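Same order as they appear, the protein sequences are chains S and X. Here the first sequence is numbered in the working numbering, starting from 17 and rising by one per residue. Here the second sequence is numbered in the working numbering, starting from 2 and rising by one per residue.
In case anyone wonders, no lab produced these hints; they're calculated from the structure. These numbers were taken from a predicted model, which means no experiment stands behind them. Built from N, CA and C at the ideal position, the CB exists for glycine as well. Don't take each hint at face value.
[Claimed, not checked] Distance condition first, Cα-Cα at most 20 Å in a straight line; then the derived EDC-like pairs of lysine to aspartate or glutamate:
{"no.": "1", "chain 1": "S", "residue 1": "K168", "chain 2": "X", "residue 2": "E236"}
{"no.": "2", "chain 1": "S", "residue 1": "K206", "chain 2": "S", "residue 2": "E490"}
{"no.": "3", "chain 1": "S", "residue 1": "K431", "chain 2": "X", "residue 2": "D204"}
{"no.": "4", "chain 1": "S", "residue 1": "K299", "chain 2": "S", "residue 2": "E279"}
{"no.": "5", "chain 1": "X", "residue 1": "K182", "chain 2": "S", "residue 2": "D423"}
{"no.": "6", "chain 1": "S", "residue 1": "K504", "chain 2": "X", "residue 2": "E154"}
{"no.": "7", "chain 1": "S", "residue 1": "K206", "chain 2": "X", "residue 2": "E216"}
{"no.": "8", "chain 1": "S", "residue 1": "K358", "chain 2": "X", "residue 2": "D187"}
{"no.": "9", "chain 1": "S", "residue 1": "K72", "chain 2": "X", "residue 2": "E53"}
{"no.": "10", "chain 1": "X", "residue 1": "K191", "chain 2": "S", "residue 2": "E76"}
{"no.": "11", "chain 1": "S", "residue 1": "K430", "chain 2": "X", "residue 2": "E154"}
{"no.": "12", "chain 1": "S", "residue 1": "K160", "chain 2": "X", "residue 2": "E236"}
{"no.": "13", "chain 1": "X", "residue 1": "K182", "chain 2": "S", "residue 2": "E279"}
{"no.": "14", "chain 1": "X", "residue 1": "K85", "chain 2": "S", "residue 2": "D427"}
[Stated by the list, open to error] Listed next, with one range per pair, are the computed distances between beta-carbon atoms:
{"no.": "15", "chain 1": "X", "residue 1": "L115", "chain 2": "S", "residue 2": "Q462", "range": "57 to 63 Å"}
{"no.": "16", "chain 1": "S", "residue 1": "D508", "chain 2": "X", "residue 2": "E63", "range": "38 to 44 Å"}
{"no.": "17", "chain 1": "X", "residue 1": "S135", "chain 2": "S", "residue 2": "K206", "range": "35 to 41 Å"}
{"no.": "18", "chain 1": "X", "residue 1": "P161", "chain 2": "S", "residue 2": "N356", "range": "33 to 39 Å"}
{"no.": "19", "chain 1": "X", "residue 1": "E98", "chain 2": "S", "residue 2": "L414", "range": "54 to 60 Å"}
{"no.": "20", "chain 1": "S", "residue 1": "D378", "chain 2": "X", "residue 2": "L157", "range": "41 to 47 Å"}
[As the list claims (entries may be wrong)] Per the computed footprint, the stretches of chain S lying under chain X, defined by three or more beta-carbons under 8 Å from a beta-carbon of chain X, are:
{"no.": "21", "region": "417-424"}
{"no.": "22", "region": "499-505"}
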Amino acid sequence: MQIKESAEVYDVIIVGSGAGGGMATKQLADAGLNIAIVEAGPFFDPADPVTQTQLKWAYESPRRFAGTDRAFGGHDMSWGDWEVEGEPYTHEEGTEFKWWRSRMLGGRTNHWGRISLRFGPKDFKGKTRDGHGDDWPISYDDVKPYYDKLDKLVGVFGTNEGRENDPDGFFLPPPKPRLHELFYIDGAKKSGIPVIPGRLSMLTKKINEDRGVCFYCGQCGRSCSVYADFSAGSCLIFPAQKSGGKVKIFVNSMVREVTTNAEGKATGVSYISKDDRKEYKLKAKVVVLAASACSTARILLNSKSKQHPNGLGNSSNVVGKYLHDSTGASASGLVPGLMNRKTSYNEDGVGGMHVYSPWWGDNSKLNFPRGYHIEVWGGMGQPTYGFGYDTNGLNKYLGLKPGGYGDSLRDDVKKYYGAVVGFGGRGEGLARKENYCEIDPTTVDQFGIPVLKFNYHWSDYERAQAKHMHETFEEIIHNMGGIPLSEKPGKDQDYGLHKPGEIIHEVGTTRMGDDPKTSVTNKFNQLHDVDNVFIVDAGVFVSQADKNCTWTIMALSWRASDYIIEQLKAQNI
Amino acid sequence: MDRRKSIQTLILGAGAATSGIALSSCKNESETAVDEAISSGTEKFFGRTPAELKRIEKLNAEQLFNEHEMETIAALSVVILPPKEPHGGPIEAGVPELVEFMGKDIPSMGPTLLGGLMWLDHKSNTDYGVEFKSATLEQKKEICDQICWHDTEKPLDKQPLEIQFFYMMRGLTVTGYYTSKVGIADLGYKGNSPNVWDGVPQDVLDQHGVAYDPEWIAKCIDQSTRGTIATWDDEGNLLT
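The shape of chain X in the complex, shown without the other chains (with noise of 0.2 Å):
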């Protein structure tokens, strides 16, 4: 038995002040039913609880955007962030997924995005007679650089929600490409993953004009000792 199946025996559910259940005792079926709920979760959602995972689902089950509005999201992503070899763009980010997603998970955020769908086809249809998502390129381009500059000195909520929505289309197409795996890999972030911190690299403290404090440094951790167990003199001194 592993150590933490041995702490999990150690847990006594509600019934066990009076019933005397045993120290092993196995759980109860409807543990067993969130479990096995959670696991086959986690596969997919990353270590949620059972009330977290039942409203992922139940979000996926609702439908916001009907599949013209998909498409429509899809044709002004790659319009706001274009597809670059080699790391691709919004639709390989997933960034039509999560529009869909956010538009049902922060609810004030869904009639901004379809409002401002209806919007884009509207232009496009008085402007050039055809739907935004069948307009070509430059089509595309003239309708978006009337929408894509917004007043910074004004609250956002108080203008045009036309540009509202862009400003939210571009929002969530950036840092939907940015948080996907292809968006990562063009960042070019080395992070979340197991490594030893050994300080700043030479040719980057070159770069930004700084330098590490030598008598800083010598309080710093001595990588080649981690592994050693910490012992320290009645001064608090570390010894090893």
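Extracted from the complex, chain S is given alone in its bound form (with noise of 0.2 Å):
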């Protein structure tokens, strides 16, 4: 079969379209540049009602949202979750990764929790810090101007509160808390644990004719049918063809590698539709790469050539290495307190916390580098499968005999109803060369592309913060006047630790760097060995933070993006 190839020549061939790709779609495009979108999965746009689950009801459903066709409940908006029909992934035995794929255009943005923090100024300075991993090659000063842009033109809630490393920035007023934030405000208190406003991109405000405001259905993984909410397509991707940018779309299209010339510059990517299951080809003076920090090592160790022959941009041997996830605990408790509640008024709020609180610690006490930030949720939110299932299983928290039948079910359901209060620590893990993905050239996915296997450890380093979180949310339960759920895990279940990849913010893979030799990008994102290949994704974080990463996905993305328009005109690429 002969590769059908596409004869116009793009500026930018950009792949997925989620939170980097989208980004670097708005700036090119918006810069006159003729651009290229190549999206795995299908078009999406949240505000058509033939997809849309947003204010659905779990009766519409024969399952009632239970979460047998997408993992995290049959109205997220995800398309693909842990697992995505055809398309394998593997682990190295004894090893345990999961990965979260979202086939479709804007990618995991369309149901991600929206908590956007910046990167703080030691975020980026690691080693300097206290001598675990690396310094970024670049600063908190580097990367600030764009975090200030971001938060004009997305819109991101919050406060200024002056902190050092949780930097301010351009906010809009956040909502005021639930009954619930309230106790949790009181009880983290009582701990010396800050507790601020929570940070997420929804739109409390207007901030420009093209998007609704939040009304507060709760519902932001559902995506935002009025664009309340941020989602690459709809708040990045539809402007910047709205403004006339020159923005092609290819979906159903699952690049298999980059091309390149005899030079070893990139020419542009093949791609295997899914429509047809035949492979073309598309021409561009720049790839971008932005299909998130595993798919983009995976492209990039699948595009073997002549001048390449270790993979493209890996002449370092570092192409997927230093993969690593937040950590991750969680725990819920019953508040007494808040028990018998009237159901008078409507709680559902923002999709997601109006308060959290951010990393306290002094790290010169405690026994792991590094901090985390506590999420908190509960309230009375919206009936979906499983709710009452276990009807008065809290009885036994408060004494009394769990099970029966009859009309106590129903005062026991109200009883409880808004009374459970629930906490996710998301922390920082380190990077390490040890944990990586890289091709099994044992496997294939259903287009014949060789798949990723994975090998991750975690360390006694996080181990340790996982208890640490544990330690903390059982001391905030009982300020708040409850009883934790479940006891503290212990060694044996690695103090509760999420397994890796499990909190869905994998990182690390294609590293930026000044030293070519231990680095896959420039600290513009631009590939050492290859000028004309960027990388938009979080694959370029030389470390996390105790912060969520989109936030810097999207302001790297833009940095890089301005740097590809700059040496464009200087003709250097």
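Now that you have both chains on their own, put them together as the hints suggest.
Here it is as structure tokens:
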């Protein structure tokens, strides 16, 4: 079969349409460049009533939104989850890694938690801070102007608190705390843990004429039909098209490799169309990879040629290495003070926490480096599959007998509605060369493309962090007058540390640096080995922070886009 | 042409790279058929993808319980959660249909449900000489009383099948009821509808003995300004 080649040469091909690809699209198209986006999944627009799950009721689903077809519940707006049919990944024996993929325009930005935290000055200088890992080749001051512009372009609520490592920004005003969040504020403060308003990219206030304002359904995970939350499609790609940008989107197109010429420069990409299962080629002056940290590493490693025998951009042998996810641990408690609630009002709020705790610890007194923040959940949410399933299982915490049947079940459901509060710790795991993904030479996906094999171990530092999280949660629950719903997990359970990958903050596989021997890209996200290939997803992260990665992905993508425009103008690439 | 349509016309399918299809090209027939399948499904199934829709339809075409078993499920569900005016009970909530669907959707649930239903009839026939569904309410309750308490110190799957069965049926009945239209009315849940959140009502704050910190509230959104476009000074102070 002959590979079908396009005659048109684009200025830029962007592989992937999530946070990084969306931002590059917006910036490069606004600069007048001719763009082709290549996306592995179908088209998706949150405003399309045909695919919309926002404002649907559980009873519209025959399984009442049980998570059988979508891992986070039938309402979740992610097409694809820990598994994507026909696209496996494998593991080195005895290791674990969970990999979430959303196959759709906008990628995982359609369902994410919208927690939008800037990295702070310390987060870019890990080695200087405590000797672990490496420093980034850039500092907070390099990224700050882009965070500032990002806040204004995309919109994020929060407050300026003047905290050293949780920088201020250009915030929309936050929503008022919910009832359980008031209990949390009191409980955390008793232990000296700071609580501040959440920082989430949802519009509590208008930022332009194109996007709606939040109407507080609490369903950002379903992707907002009026574009009041951030998704890469609705807030970056569609606006780029609307303002006249030259943006063509190739959907259902699974990139196999970056193609190169005799000089080793990139000429474009080849992709498999999921519609006809044939291979196509697109040509461009510049290739921007934004397929997600692991997918981008996979594409590079699969792009082998005479000039790049070890895979594209991999002369350092670092592609796929330093893979790291956030640490995570979760707990919940029954708070009697929140029992027997009035249901007289709607407290859905935004789709996430109205308050949270940024990292407060003093590592010189702790047995682990770096920190974590605490996310809090609870309240009188929408009943979906599983609601009331263990009707009065909470009885045992009050010395009552769980079980039985009859009218009392109705009373029990109402008694406990909104009385459970949950906590998620999200922290920084260390970047280690020994944790990596590589090509599994024995396995291909249904398109014949070799797949990734993961090799990941947590260290005792991450376990110690999880232990600290659980001790903190227990203390806060007690401070709230509550009862923990489970005992603190012990050493045999890694102290409750979630499996690698489960927090869906995987980064680091194509890290940036000044030394081409120990890094994949330079400080402008440009491959050391090939000057017309850029990476604008979380692969370039030298280290995670105790922050979620999306805001930094977008700031760096914007910064890299400015550099691409500059280099094209100067005819350097 | 509305905005969404204008965007969709920019989406190019596989062949476009070589065939030079114009930007405004129409969808091909197979795409149209898929679209129609999704649209007809969406009335019933809340925005499913074609693959998800196919699976739901496949499950709907299968039958797990026979008519007698469905009647037994219905009879048990109303003992577990008796109907109550004005918000009905498990039958109005579609609980038997949910039990049927979940038994197929999560195949590991099927044997527990089927086995438990057989146990109910066996027990009822042995004790009262009548199938469970035809037993009197008192007889049904006597049977349920023997299986409705599980040992909370022991994993459920280490307990007798009839105990596991009752636990599962109670779970499905309560979750089925409270995720239904009538159950949500009974619960009093007020959400899943557009509104403007402006904090917890004072009577609720009073009931639970908490109060808003005025300093905190001063930073929160003044909902009368939500429609005004945000602008800031250079320091990040909101001006509007």
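So, going through the hints one by one against the coordinates:
no., hint, verdict
1, S:K168 <-> X:E236, "holds, 13 Å"
2, S:K206 <-> S:E490, "holds, 13 Å"
3, S:K431 <-> X:D204, "holds, 18 Å"
4, S:K299 <-> S:E279, "holds, 16 Å"
5, X:K182 <-> S:D423, "holds, 19 Å"
6, S:K504 <-> X:E154, "holds, 17 Å"
7, S:K206 <-> X:E216, "holds, 18 Å"
8, S:K358 <-> X:D187, "holds, 13 Å"
9, S:K72 <-> X:E53, "holds, 16 Å"
10, X:K191 <-> S:E76, "holds, 17 Å"
11, S:K430 <-> X:E154, "violated, 25 Å"
12, S:K160 <-> X:E236, "holds, 13 Å"
13, X:K182 <-> S:E279, "violated, 66 Å"
14, X:K85 <-> S:D427, "holds, 12 Å"
15, X:L115 <-> S:Q462: 57 to 63 Å, "violated, 35 Å"
16, S:D508 <-> X:E63: 38 to 44 Å, "holds, 41 Å"
17, X:S135 <-> S:K206: 35 to 41 Å, "violated, 59 Å"
18, X:P161 <-> S:N356: 33 to 39 Å, "holds, 34 Å"
19, X:E98 <-> S:L414: 54 to 60 Å, "violated, 34 Å"
20, S:D378 <-> X:L157: 41 to 47 Å, "holds, 44 Å"
21, 417-424, "holds (count 7)"
22, 499-505, "violated (count 0)"
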